Amino acid sequence: MSELDDRYERAVAEYGPALGRLARGYEADSEKRRDLLQKVHVALWRSLKGFDGRCSLRTWVYRVAHNAAASWVIRQKREKAVTVSLEEMEAIPVSHDADRRIALDRLTQLIQRLKPVDRQVILAWLEGLDAAAISELTGLSGRNVATKVHRIKTLLARSFNEGERYAT
Amino acid sequence: MPHDPNFNDPRSLWQNQENKEAVVTLDDVRRLAARLEGRIYRRNLREYAAGAMVIPVFVASLWHYRGWRLAAPVLMIAGTVYVLFQLHRRSSTRSLPEDMGLQASLNFHIRELERQRNTLHTVWIWYLLPFVPGLVAELVVSAVDRGINTLLILFGFAFLVVFVGIWGLNESAARKLDRRIQELREMEIR
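Protein sequences, first through last, are from chains W and F. Add 29 to a position in the first sequence, counting from 1, and you land on the number used in our numbering. Add 709 to a position in the second sequence, counting from 1, and you land on the number used in our numbering.
Bound-form chain W, shown alone:
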């Protein structure tokens, strides 16, 4: 196995499941999602030739994955069709379903309707990245990330009826 293959295997062992979830956040159609995921993996495999430790492997993997997925969105010309910003999403009324499947579907639909930059922030936040890591991943200013994360928490609190935990 080459050094490149070895790097790829290590990256996928650690972040493979997150890449699958990321694809779910970008593509609703299951067949297209499989295509997107494969493109993300190929982009990651090819990119790792240039990985020189200037940033962490996690940042590298997420950047490549989000960039490949954003490129996919642009090329599928979805962006202008149905996406909304976090600010616009806050104005949409929500229902409160208790079922886990419905809750996950609702969360996924919410993510898929966001504009690419807001989608990147919410996906990174859901994966457990903190504001500094999201800023490094996206290139957004720290203040902007803080505002967006606050909006995400408010939005999710409304959606999941967990106001006390997420709105603060």
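Since the hints were made in silico from the structure, they are not lab data. On a predicted model such as this, the values are computed, not experimentally measured, just so you know. Among these hints, one or two may not hold up.
Stated by the list, open to error - Using 30 Å as the maximum straight-line C-alpha spacing, the simulated DSSO-like pairs for lysine-lysine come out as follows: (1) W:Lys144 with W:Lys182; (2) W:Lys144 with F:Lys885; (3) W:Lys182 with W:Lys78; (4) W:Lys78 with W:Lys68; (5) W:Lys144 with W:Lys61; (6) W:Lys68 with F:Lys885; (7) W:Lys78 with W:Lys61; (8) W:Lys61 with F:Lys885.
What the hints assert, rightly or not - Not the full set, but computed from the structure, chain F residues with beta-carbon under 7 Å of chain W: (9) Asp736; (10) Val738; (11) Ala758.
Unchecked claim - Computed list of chain F residues with no C-beta within reach of chain W, every gap over 12 Å: (12) Trp723; (13) Asn728; (14) Phe817; (15) Val832; (16) Leu837; (17) Leu878.
Yeah, the Cβ is synthetic: ideal placement off N, Cα and C, and Gly gets one too.
With chain W held as given, fit chain F onto it using these hints.
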């Protein structure tokens, strides 16, 4: 599910979702990378074949022209070759850059939109202008040989409308992208 998540906690719900599609093996990746290269190769072949079919039509017409009149088909051939080359160069199926891991996603997104905006913004240079010398030469040949008549004027006017229309639609799309790029830039510095 790996374990029972608290489905009122979005992070737990998200991270513990069933994820069967996530398995992509190294063999899959190698095979897909090879298939992608093959697709790009076949696309190039198709574009060259399209050029190879269009150009002979103009080349065949060379036999109908004499002297300075040859300028019309020669300029059309040159214009077509240039536009085909530009379409190939700007093709949307190009590979993703390998340095993506060094580019923050907002920056990458802006670069992608700028690339599309620039393609639309310069469409008159690389897509419309190359055909103008050949078409003008064709109009001049027709005017000299058959005189300026209503058909010629309508022909010239139709080309003008089509060219201005294509330019206008592309400019409008470029302006929309400009606004989106500006919004993204503001996010970088705000």
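*Going straight from one Cα to the other, do Lys78 of chain W and Lys61 of chain W come out at no more than 30 Å?*
Distance ~27 Å between Lys78 of chain W and Lys61 of chain W Cα, so the pair holds.
*Assess, step by step, whether the Cα of Lys78 of chain W is no farther than 30 Å from the Cα of Lys68 of chain W, and give holds or violated.*
The given pair, whose Cα atoms are some 16 Å apart, holds under the 30 Å limit.
*For the pair we were handed, Lys68 of chain W and Lys885 of chain F, check the Cα-Cα distance against 30 Å.*
Holds, at roughly 28 Å.
*Would you check the hint for Lys144 of chain W and Lys182 of chain W, treating anything up to 30 Å between C-alpha atoms as holding?*
Distance ~17 Å between Lys144 of chain W and Lys182 of chain W Cα, so the pair holds.
_Verdict on Phe817 of chain F as a residue remote from chain W, using beta-carbon distances over 12 Å_ = 4 Å, violated
_Does Lys78 of chain W sit within 30 Å of Lys182 of chain W, going by the straight-line distance between their CA atoms?_
37 Å, violated
_For Val832 of chain F, is the shortest CB-to-CB distance to chain W above 12 Å, so the non-interface label stands?_
Correct as stated: the minimum Cβ-Cβ distance to chain W is 17 Å, above 12 Å.
*Does the nearest C-beta of chain W fall within a distance shorter than 7 Å of the C-beta of Ala758 of chain F?*
24 Å, violated
*Lys144 of chain W and Lys885 of chain F: Cα distance at most 30 Å?*
15 Å, holds
*Assertion that Trp723 of chain F lies outside the chain W interface [Cβ separation over 12 Å]*: Non-interface label fails for Trp723 of chain F: nearest chain W Cβ at 4 Å, not farther than 12 Å.
*Regarding the assertion that Leu837 of chain F does not contact chain W, is the least Cβ-Cβ distance greater than 12 Å?*
At about 23 Å from chain W, Leu837 of chain F clears the 12 Å cut-off, so the statement holds.
*Satisfaction of the Val738 of chain F interface hint, Cβ to chain W closer than 7 Å*: 5 Å, holds
When each numbered hint is compared with the structure, violations occur for hints 3, 9, 11, 12, 13, 14.
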